[in-house]
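Peer 1: In case you want the letters, here they are:
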Amino acid sequence: MKIDREALLIKGIKQRFGPAILETTVERGEITHVVDKDSIFGVCSYLKNEPDLRMDFLVDVLGVDHYPERPRFEVVYHIRSLKNNLMLRLKTRLDETETIRSVTPIWRAANWAEREAYDMFGIVFDGHPDLRRIYMPEDWDGFPLRKDYPLRGYKDQYNPFGEDKK
Amino acid sequence: MVDNRDINGDEEAVTTKELTLSFGPQHPASHGVLHLVLDLQGEKVLRADPDIGYLHRGTEKLAENLLYPQFVPYTDRLDYMCAMSNNLGYVLAVEKLLGIEVPERAKYLRVIAAELSRLAGHLVCIGAWGVDLGAMTVLLYAFREREMILDLFEMLCGGRMTLTYMRIGGVRWDATDLFKEKCAELCRVMPGRIDEYERLLTGNRIWIKRNKNVGVISAEDAIDLGLSGPNLRGSGVSWDLRRDEPYLVYDRLDFEIPVGQVGDCFDRYLVRIEEMRQSVRIIEQCLRDMPDGPFVVDMPEIVPPPKQDVYKNMEALIHHFKYVSHSFKVPKGEVYHAIEAPKGELGYYIVSDGSERPFRLKIRVPSFVNLQSTDHMSRGEYLADVVAVISSLDPVFGECDK
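Read top to bottom, the protein sequences are chains A and B.
Residue numbers for the first sequence follow the working numbering, so the first one is 2 and each next one is one higher.
Residue numbers for the second sequence follow the working numbering, so the first one is 7 and each next one is one higher.
Pulled out of the complex, with its shape left as it was, chain A reads as follows:
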């Protein structure tokens, strides 16, 4: 029996998680679910373990800053199934003071991706085994990809062209 996996990805997830799926869009052939922050781990582990889906390949985890809107951050997950050739995007929103559960226990690939999101936006992932900065020096002040971080950085002894700190 052939399973319509596309339908399972769109309707199946909506039915199963109900109110935790806040919004679903299909644009340019890309399926996106906006998921409630507290359900993200549950949805991800369902996607990986459901035998008809087997979303075993985490492409990326990344942050988006919508400052000054609130909630400020969006965490985006791109997930593939290599076996079934499927692709899905999950999005979740959280505010500056909130944290989100790490998906590293589900996909080890999330380790560095979440470290990058932490380094660039200051998004804290709960339960991450090794949440350190990855690109910037460990004593760096601020999170460079935030919208309120100046393009030229802050002024200090090494950076005379930077902006003054407010």
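Hints may be right or wrong, so weigh each one.
[To be verified] Simulated crosslink set (DSSO-like; lysine-lysine; CA at most 30 Å straight-line):
| # | chain 1 | residue 1 | chain 2 | residue 2 |
| --- | --- | --- | --- | --- |
| 1 | A | K38 | B | K67 |
| 2 | A | K15 | B | K67 |
| 3 | B | K67 | A | K148 |
| 4 | B | K67 | A | K166 |
| 5 | B | K67 | A | K156 |
| 6 | A | K148 | B | K335 |
| 7 | B | K338 | A | K12 |
| 8 | B | K102 | A | K84 |
| 9 | B | K67 | A | K167 |
| 10 | A | K92 | B | K102 |
| 11 | B | K218 | A | K84 |
| 12 | B | K67 | A | K92 |
| 13 | B | K67 | A | K12 |
| 14 | A | K38 | B | K338 |
| 15 | B | K335 | A | K92 |
| 16 | B | K102 | A | K148 |
Quick caveat, the hints were computed from the structure, so don't treat them as lab data.
With chain A's structure known, arrange chain B on it following the hints.
Peer 2: Relative to chain A, chain B alone:
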């Protein structure tokens, strides 16, 4: 797992002290600016922690402050070994956002350029890998052919390393007859040259000793760690975006996807060698099938006028000025487009707020994700094998550090 027993299976009498060693960032075998912190027990690696970011230039932050066409040259500087692929990934993502399709000729030209760049990238990988393991000759051989490819790029767009050949809506220049001739010549000589590398390496006892059963990673682990490209296929996973999520004209071309069996460094080497042969086949087919016609879309808001018109024609000059200073607006939305770059899955995720600049641009770079498995691959191996592992992962730090 650390094995403290000697060859007879007895516990070693002398216990050595644990040692932390910094490998790089200035080390000839670290492929650029990789700083690897290695915990050693004698010669065995307990833990490898790559410390990256020495070449971090904030490409994504820069992108948010640039017009869409202005960002193309920045992509050249990601994986500078194969700039064409980076250009391609970006322009395809923007075109998907705009909802435009490029003319047939442009598609073929893009495939030829991308495959040439795959050849160039794999040549550097195998050449540098040879040097790292003490086989100097293969680098000189590989760079001889790479020179031919760079000459072709020069014929195509004037650049050799940083090419900016792709443009949103097509390509910058058409291919000349001379280019096609020289390209066909490359396709003729290349298989023989690849045989030469194989004669130098594939049966070479030292090469086999240094690579066979070194840095083994199973298919499950490779998928779990997000490996892609030749590194994933080396572990026996037949996954290639050119076949599984075809873009441009790859679905019309006949090529094979080589896979390894064991998932060791040697398999990753063999996969790359075979991929080069397949790239030659793809280029041959493209040269044969490429139609005549325009090489950019007929959309004046997206494509600037030809340069010679700008000097002679008032309207073309105004058009050029408007294009450079104001660019074009891109519809609101978000898009993820991935291509099979020589290193693996290169994806661009763009969030557009409807203006001329991306609101957020995230590049999913294969080198970064692939490098994550260094720890898994080198645990329990000897220190000298770490060099083989890094070379087999083929990281490029322009891309890894963004």
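Peer 1: Mind listing which of the numbered hints don't hold for this structure, in increasing order?
Peer 2: Hint check: 2 and 13 fail, others pass.
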